[in-house]
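There are 2 protein chains.
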Amino acid sequence: MKIDNYIKNNKDHFLKDLFKFLKIKSISAQSEFKKEIRNAALFLKQEFKSIGMDKVEILSTKKHPIVYAEKIISKKLPTILVYGHYDVQPPEPLNLWFKPPFEPYIKNNKIYARGAADDKGQVFMHIKAIETLIKTNNIKFNVKFIIEGEEEMGSDSLSNFLSKKNNLKLLNADVVLVSDTEMISLKNPSIPISLRGIAAMDIEIIGPNRDLHSGVYGGAVANPIEILCKMFSSLKDENNHIKIPHFYDDVIILKDKEKDNIKKIPFNIVNYKKEIEVKELYGEKGYNTIERTGIRPSIEINGIWGGYTEKEGFKTVLPTKAFGKLSLRLVANQNAKKIAEDCKKYLLNIAPKSVDVKIKIHDGISNGMLIDTNSKAFVAAQKAIQKVFKKEPILTRGGGSIPILSKFQEKFKIPIVMLGFGLPSDNIHSPNENFGIDNFFIGLNTIIEFYKNFSNSN
Amino acid sequence: MKIDNYIKNNKDHFLKDLFKFLKIKSISAQSEFKKEIRNAALFLKQEFKSIGMDKVEILSTKKHPIVYAEKIISKKLPTILVYGHYDVQPPEPLNLWFKPPFEPYIKNNKIYARGAADDKGQVFMHIKAIETLIKTNNIKFNVKFIIEGEEEMGSDSLSNFLSKKNNLKLLNADVVLVSDTEMISLKNPSIPISLRGIAAMDIEIIGPNRDLHSGVYGGAVANPIEILCKMFSSLKDENNHIKIPHFYDDVIILKDKEKDNIKKIPFNIVNYKKEIEVKELYGEKGYNTIERTGIRPSIEINGIWGGYTEKEGFKTVLPTKAFGKLSLRLVANQNAKKIAEDCKKYLLNIAPKSVDVKIKIHDGISNGMLIDTNSKAFVAAQKAIQKVFKKEPILTRGGGSIPILSKFQEKFKIPIVMLGFGLPSDNIHSPNENFGIDNFFIGLNTIIEFYKNFSNSN
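Residue numbers (the numbering used here), protein chains in the order written: chain A, 29 to 486; chain B, 29 to 486.
The reader is advised that the hints may include incorrect statements.
One copy or two, either will do: identical chains are not told apart, so a pair holds if it fits within one copy or between any two.
Stated by the list, open to error - List time: in silico DSS-like cross-link candidates among lysine-lysine, alpha-carbon distance up to 30 Å:
{"no.": "1", "residue 1": "K91", "residue 2": "K343"}
{"no.": "2", "residue 1": "K343", "residue 2": "K307"}
{"no.": "3", "residue 1": "K302", "residue 2": "K313"}
{"no.": "4", "residue 1": "K372", "residue 2": "K271"}
{"no.": "5", "residue 1": "K381", "residue 2": "K307"}
{"no.": "6", "residue 1": "K193", "residue 2": "K365"}
{"no.": "7", "residue 1": "K381", "residue 2": "K264"}
{"no.": "8", "residue 1": "K215", "residue 2": "K411"}
{"no.": "9", "residue 1": "K388", "residue 2": "K366"}
{"no.": "10", "residue 1": "K480", "residue 2": "K73"}
{"no.": "11", "residue 1": "K366", "residue 2": "K343"}
{"no.": "12", "residue 1": "K264", "residue 2": "K372"}
{"no.": "13", "residue 1": "K103", "residue 2": "K168"}
{"no.": "14", "residue 1": "K301", "residue 2": "K349"}
{"no.": "15", "residue 1": "K381", "residue 2": "K313"}
{"no.": "16", "residue 1": "K404", "residue 2": "K215"}
Hints listed in this document are in silico derivations from the structure and should not be mistaken for laboratory results.
With the rest of the complex left out, here is chain A (with noise of 0.2 Å):
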């Protein structure tokens, strides 16, 4: 049979099954769902089966399971390894949905469900994509699965798996291809050719045993507060460039071709303000807010508290303690873990002698990463958009991190494409995410070409 007959005809069956799929609650960062955790890993050995995978196995960890599945038509082949995940953010706020984020149901054209576009609909794309090729006799390459249930909890488990050589063994392949990301639209079909790599650090500051009197001590103590609000404030310069010394050493100067696709990245101003309803925008001088997301390292305040944090009244407390949540985005070539413990020494540098300081940097800090576009992957992947798009894909710079991505990276050392079909009215992490029915079978069709592509060109 025919790749294209094959698809047509099974089109109720694809989306039956990933509804199958997305009823599972398999929410990883609450407990209680551990056992629908259980259940979706279940689901996805046995669907790996149904298509005819040779080896699927599911791989216990600490905590939640990794199932891998393997078809190896032959060693000569080159090997493609799909990684996805198959737990999703918790749905909160219920009452913002409208309907329950476990009951999938069809509405203009998309699927809406909790883990529609964010993973298990573009995990999915990949599972239909192989069962194609296997069941019309198409598939010309060997295909390894890894697909976790940790990603939007840190991918911990998947972190310590990639540690241990026998696992890069079994992993072995020639490229990473992952199915995560999203599209600028169906119009302009794009694929991301950076991620920000991350680092996040809690501050506390110790001042006076209790709550003091504003009035009896005012004045005369170092309020905990303000010498937060001072070492915060010590991080930008008023240009808003970022004032830690050799922040900026390793950043990558972009060349005048790469500077060239930027511009080609459609942005309108207007509409973005519009769409957070802010009047101007804000960020480090010289660079526009693609640059500024895209190709510059920026470091954001998450969180703070301290004293009287209600609402209404007031309350003359000079406050014993103050806290901070702040993360830094890193691009390419920075040392995530250096400039985290630089940022610590700076900031404790600031603070008088007069509090105490903690910082504690938190684990599953990554770097940024760069996609080589000279690849034979890369270059299959734009080949591909360009066959079922008809269009050049736009080469985008990701200003979010997917940490376990920089990992492969450096474990692997070969090529990661980004392939992603979502799309940014895909409402991933809120509620009524939604997934379309053209972008599932575009992308199934793109995935299969590049397939196609790459396993002809190695």
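We have chain A already, so just place chain B on it with the hints.
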């Protein structure tokens, strides 16, 4: 009967009556105690009648009643107005009290109960002093009492009361006497000659319409917490001088004699630091701790919050809003209202257009107070202390505020004397509030001396 004998013979009855007063849960800030507040006012009414006051009235207000009592001996004699309050601070946290807060008991010669020192015990010294003078036929002056039930929540009703001409006529007197403060110790008797004023405000920084993903938007959109930190950090320079324009213009420069008085205030920096457990003190350059809290204005940030505020974990948001609360403590001659407006303007100027800023100045602004140490009333107080304590009182500078006293000073243009007998160890506003029995009776005697001195000198 002689005064001394009357006090000696009635010691038990004085304390018994005080215990009845202390048992009443007159917590003004918590509405479920409304009835107890009323009971405290009724108790005072009964008490004033029984000691022989001529006119006793419970004056209704929008909130809690004011108790008024007077004894006019002769229009030719000087009139003393005694101010105090019968309401108390909420006793929470209850688990830190050794015994329930409204079941007074004596231990180590101290009375333990909420309100023992602040201010029921001190109001009661006056009542029993007047009782003593009436019962022994020694009252040679007119006396008026105005005892409110809202001091711990801002004295709104009494403020309104004082804004009416008729009421000012009713309260017409030659001195306002207040026992609602503390002394350094019984060995170092002291009188406060100034209090700081207060102004407080809420600040709200409004950024994007929702918490944004710090990866997708980080670096390109103003972070409300960052802006708030910048505003708060801009309040003081590197020497901790306040940077609001014209802030210090009206601060009085001390004369040499006043500086000498400040040097007499005992201060042990080691104990001070130990008591609040800080390594170093911190404040305006060029001033010591006594000066920083006594003669210099200050600004404290009383609270801050925004973004993700759980101690555990992290959430990489660029938050939609941030909130802060600050209060200013102002010294005599500074115009609190003007300075609050200046502060607001200054903060608004710092914020970029990328955020909206709302600043709400709280009601209950009050100016700082300075006592005229040359007045007959003040001299009478000094002499009374000299007589009873056999020691000249040290003139202290209070860092806190009693806003209603500034109102009295502004409305009446008569001397105010703060003759308080609490101690720093009384735990006012805290669990296990207490008031020494010695303090009560030494206070009672000093008050009688003051009455005598003041009526003789007028």
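Treating 30 Å as the Cα threshold, decide for K215 and K411: within, between, both or neither.
within (16 Å within a copy, 91 Å between copies)
_As a check of your reading, is K343 near K307 (CA-CA no more than 30 Å) within one copy, between copies, both or neither?_
Result: close only across copies, 25 Å inter versus 33 Å intra.
* Check K302 against K313 for me: Cα-Cα at most 30 Å, and say if that holds within a copy, between copies, both or neither. => So K302 and K313 pass the 30 Å test inside one copy only (22 Å; across, 47 Å).
Quick one: K404 to K215, C-alpha cut-off 30 Å, is that within a copy, between copies, both, or neither?
Result: close within a single copy only, 25 Å intra versus 89 Å inter.
| query | Between K91 and K343, at a C-alpha cutoff of 30 Å, which is it: within one copy, between copies, both, or neither? | reply | between (44 Å within a copy, 20 Å between copies)
(request) Give the relationship of K366 and K343 under a CA distance limit of 30 Å: within one copy only, between copies only, both, or neither. (result) This pair counts as between: shortest inter-copy Cα distance 22 Å, intra-copy 41 Å.
> At most 30 Å between C-alpha atoms: does K301 with K349 qualify within a copy, between copies, both, or neither?
Replying inline: For K301 and K349, only the inter-copy Cα distance (16 Å) is at most 30 Å; the intra-copy one is 36 Å.
At most 30 Å between alpha carbons: which applies to K381 and K264, within, between, both or neither? Both: 23 Å inside a copy, 18 Å across copies.
* To do: If the cutoff is 30 Å on CA atoms, where do K388 and K366 land: within, between, both or neither? Let me know, please.
  => within (14 Å within a copy, 43 Å between copies)
message = When Cα atoms must be at most 30 Å apart, do K372 and K271 count as within-copy, between-copy, both, or neither?
response = both (13 Å within a copy, 28 Å between copies)
Quiz item: Should K480 paired with K73 be assigned to within, between, both, or neither, using CA atoms and 30 Å as the limit?
Solution: Classified as within: same-chain Cα gap 25 Å, cross-chain 96 Å, threshold 30 Å.
For K381 vs K307, is the C-alpha pair at or below 30 Å within one copy, between two copies, both, or neither? For K381 and K307, the Cα distance is within 30 Å only across copies (7 Å; inside one copy 40 Å).
In the structure shown, no violation is registered for any of the earlier numbered hints.
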